[in-house]
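A.B. asks: All chains, please: the whole structure from these sequences, using the hints.
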Amino acid sequence: WAARYGQWVGSARRAMDPQAASQWLGELVTVGKRSFSTQKQALNALVFFFRDVCGMEEVKLDVRLRKTPQRMPVTLSRKELFRLLEKIEPLYRPLAELQYGAGLRLKELVRLRVKDIDWEQGLITIRGGKGDKDRVTILPEKARGLLRDQIAYARTLYERDRAEGRPGVEMGGALGRKFSRAAKSWEWMWVFP
1 WAARYGQWVG SARRAMDPQA ASQWLGELVT VGKRSFSTQK QALNALVFFF
51 RDVCGMEEVK LDVRLRKTPQ RMPVTLSRKE LFRLLEKIEP LYRPLAELQY
101 GAGLRLKELV RLRVKDIDWE QGLITIRGGK GDKDRVTILP EKARGLLRDQ
151 IAYARTLYER DRAEGRPGVE MGGALGRKFS RAAKSWEWMW VFP
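First residue of the sequence shown: 1, per UniProt numbering; consecutive thereafter.
Any given hint could be a false lead.
Unchecked claim - Distance ranges between label pairs, derived from CB positions:
(1) Gln121 - Lys60: 58 to 68 Å
(2) Leu85 - Gln121: 23 to 33 Å
(3) Lys79 - Gln19: 55 to 65 Å
(4) Gly173 - Leu85: 28 to 38 Å
(5) Phe82 - Gln19: 56 to 66 Å
(6) Gly122 - Met72: 25 to 35 Å
Unchecked claim - Here are the simulated DSBU-like cross-link-like pairs (lysine-lysine), alpha carbons at most 35 Å apart as the crow flies:
(7) Lys178 - Lys130
(8) Lys40 - Lys107
(9) Lys79 - Lys142
(10) Lys130 - Lys184
(11) Lys107 - Lys79
(12) Lys115 - Lys142
(13) Lys115 - Lys79
(14) Lys133 - Lys67
(15) Lys178 - Lys115
(16) Lys133 - Lys87
(17) Lys184 - Lys133
(18) Lys33 - Lys130
(19) Lys87 - Lys115
(20) Lys130 - Lys87
(21) Lys130 - Lys79
(22) Lys115 - Lys130
(23) Lys33 - Lys60
(24) Lys79 - Lys133
(25) Lys67 - Lys40
(26) Lys184 - Lys115
(27) Lys142 - Lys107
(28) Lys130 - Lys107
(29) Lys107 - Lys67
(30) Lys133 - Lys115
(31) Lys133 - Lys40
(32) Lys87 - Lys142
(33) Lys67 - Lys130
(34) Lys107 - Lys87
(35) Lys40 - Lys60
(36) Lys67 - Lys33
(37) Lys142 - Lys130
(38) Lys40 - Lys130
(39) Lys178 - Lys107
These are calculated hints, taken from the structure and not from any lab test.
A quick note: this is a predicted structure, and the numbers were derived from the prediction, not measured.
Glycine included, every Cβ here is placed at the ideal spot set by N, Cα and C.
C.D. replies: Set out below in structure tokens:
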């Protein structure tokens, strides 16, 4: 930021003038339309330049930073949502309905295991989600039938894999070492293999 400021100012003498810095920051805000965090970063860089490089103790940069307006998320109406879901191939519809209804990220959806679904309480436990955090979300009533069908399909694959002596699901790292037999147990099977 100091280099950009130096290019804008053009001379070393003028670069030492806090008013010139305020003018440059003002242009950065109004003309450059930079985000609030970018504006703060440039301001802090110039404060460092004046205090620590130029040795000025009292530096007053007169600039008003502009906050980036918060935008409302775009959402679908119920009618639009149902039309969208109807257009999805039947094979993938359970995934889409569950993902939307439970508020799952795609990665959370494909990592879902049989043991993570609590049918009685109507909950889904997400393990190692965004930020490697666990959380609990709802099991949507509308997705239950399709999800039961999907789990029945996963069960047939599971039983075929056991009959053919396949190794089971991936457990990952320490979990695989700690629960070595769990990779072949039904509870640890992927819902969407």
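A.B. asks: Provide an ascending list of the numbers of those earlier hints which the structure does not satisfy.
C.D. replies: The structure conflicts with no hint, since it agrees with every one listed earlier.
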